[in-house]
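Participant: For the record, the sequence lines run as chains A and B. So that you can map any letter, position 109 of the first sequence is 109 in our numbering, and since no number is skipped, the others follow by simple counting. So that you can map any letter, position 73 of the second sequence is 73 in our numbering, and since no number is skipped, the others follow by simple counting.
Read the hints as simulated data drawn from the structure, not as lab findings. Errors might be hidden in some of the hints.
[Said to hold, decoys possible] Only pairs whose alpha carbons sit at most 25 Å apart, straight line, appear in this in silico BS3-like list of lysine-lysine:
no.	chain 1	residue 1	chain 2	residue 2
1	B	Lys3	B	Lys24
2	A	Lys162	A	Lys126
3	B	Lys94	B	Lys3
4	B	Lys89	A	Lys95
5	B	Lys103	A	Lys238
6	A	Lys230	A	Lys260
7	B	Lys3	A	Lys238
[Unchecked claim] Restraint-style ranges between C-beta atoms, simulated for each label pair:
no.	chain 1	residue 1	chain 2	residue 2	range
8	B	Lys94	A	Asp268	36 to 42 Å
9	B	Val67	A	Thr205	40 to 46 Å
10	A	Pro179	B	Thr68	53 to 59 Å
11	A	Glu234	B	Ser48	20 to 26 Å
12	B	Pro17	A	Val102	48 to 54 Å
13	B	Asn29	A	Lys230	38 to 44 Å
Beta carbons are placed, not taken as given, at the ideal position from N, Cα and C, and that holds for glycine.
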Amino acid sequence: MATLSAVLATTHHPFYYATTNAPPSAQIPQAAEWKRKVEAYRETLTRAQPDILVMIGADHFHQFYLDNYPTFLIGKAPRYDATFYNEEREFGIPKYVLEGNVELSDFMHQGLMDRGFDFSFSHELKIDHSIICPIITTRPDADLPIVPIYTNIFVPPLPSPKRFWDLGRAIREVIDAFPSDKRIAAVGSGHLSLELGGPRQFGETGPDPEFDRMAIELLSSGDIEAILEKVTHETMAKSGNATHGFMDLVLMLGIAGPIKADYVDYLDLFHTMEAYLTWYPNGENS
Amino acid sequence: MSKYYVNKFLYTVDRDPDLLQRYKVDPANLVASWEQAIGPQLNGVERSTVNSFTPEERNALIRHDYVTLFEMGAHFFLSLTIFIALYDKDWTEKFGPLSFQRKFATDLAHWRGRDYPSVALFAQTDDRRIPTKMA
């Protein structure tokens, strides 16, 4: 059976690439510290020696729009383009082509259907920054095949936080059952408190630093009961209108299980707090 | 009212550099030609006949009025992205990085501490929700 070698839950800050590649005179004061933290975090994935990455993200109205917006979707293509025109324009993110792994995509799709998650699927999927940002930060050579999974954290009605946890648990079961000697890492991205297009956007900190500290603490300790008690669609909205991306981090905890994280780091930036968590559910040397 | 159609406008214009430039320099013209040629496109071949703007929606789009669009429940990501595309570069040159994003926030300051207009496209009030049990 395949080995789940690491689970990573990270915020995806689309300006990381541009910020850390700008000339030093044009960099924000935290750029060097940000780069150091990201490179240390990257090491937690490198150390796990993955062969395939299961990537969790959310399409930000790049390929999908309200005429047909999937709640949960899996990519099933042998290859994926990445980065849309408007992401290049706004964030300065380069284009990539990522290899897929159709065998694991097929197995994952069927496995999730068998576990009660009737996924939408795409055989021609272009990846947006929710997946390419964590590639840039944790695997910048972009040299591993991916299985992309998208969730709806964006357009009501959203699935519940519990449903994200349950989906994470199901993804874990399917990875564990994959008949292969490959090492699989799951890398997912979301947000802590976040405001976009509203009165609390682009402040000196994220819109709700108290939520951010609580969220990191609860994810780090693997305390899903407390998360499900404290975090609802309504409480997330009070913390910032785009905070619902936190549910993808809950999904990642679902893949890891209700256990303490092996690596936790964070960085308070303007506009948002960054969080970097890694679990080795089968032990660091599995 | 068509929140869907307003979002469709923001979505289709933001992803196309030519439309975006036309929206920047001559919004009234671009909105009119969008309603003729682009809005009704279901895909490259099929046309849809079911959507249209209210006068308020059309005016808000023509005026680049992100406050009214926010108050109509246009999607925050689409709205932020397109107005950054239209204004960020000019504002950064004049007033420094993120100055436009902060003005955008300040213009919406009267919504701090209140429940924002929903971006949901279904009816939000309890009495208009589909009942879970049919009477």
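Participant: Please go over all the hints and tell whether each is borne out by the structure.
Facilitator: Structure-based check of all given hints:
1. Of the supplied pair hints, the one linking Lys3 (chain B) and Lys24 (chain B) holds, its CA atoms being roughly 21 Å apart against a limit of 25 Å.
2. Restraint check for Lys162 (chain A) and Lys126 (chain A): not satisfied, since their Cα atoms lie roughly 28 Å apart, outside the 25 Å limit.
3. Pair hint Lys94 (chain B) plus Lys3 (chain B) does not hold up; C-alpha atoms about 33 Å apart against a cutoff of 25 Å.
4. A distance of roughly 22 Å separates the Cα atoms of Lys89 (chain B) and Lys95 (chain A); the hinted pair therefore holds under the 25 Å criterion.
5. Of the supplied pair hints, the one linking Lys103 (chain B) and Lys238 (chain A) holds, its CA atoms being roughly 21 Å apart against a limit of 25 Å.
6. Restraint check for Lys230 (chain A) and Lys260 (chain A): the C-alpha separation of about 18 Å stays at or below 25 Å, so the hint holds.
7. Under the criterion of a C-alpha separation no larger than 25 Å, the hint pairing Lys3 (chain B) with Lys238 (chain A) is consistent with the structure, at around 23 Å.
8. Taking the beta carbon of each, Lys94 (chain B) and Asp268 (chain A) are about 29 Å apart, not inside 36 to 42 Å as hinted.
9. A C-beta distance of roughly 24 Å is found between Val67 (chain B) and Thr205 (chain A), which places it outside the suggested range of 40 to 46 Å.
10. Between Pro179 (chain A) and Thr68 (chain B) the beta carbons are some 56 Å apart, a value that agrees with the proposed interval 53 to 59 Å.
11. Between Glu234 (chain A) and Ser48 (chain B) the CB atoms are about 34 Å apart, so this pair departs from the stated range of 20 to 26 Å.
12. The beta-carbon spacing between Pro17 (chain B) and Val102 (chain A), approximately 33 Å, falls outside the hinted interval of 48 to 54 Å.
13. Checked against the hint of 38 to 44 Å, the pair Asn29 (chain B) and Lys230 (chain A) fails, with Cβ atoms roughly 50 Å apart.
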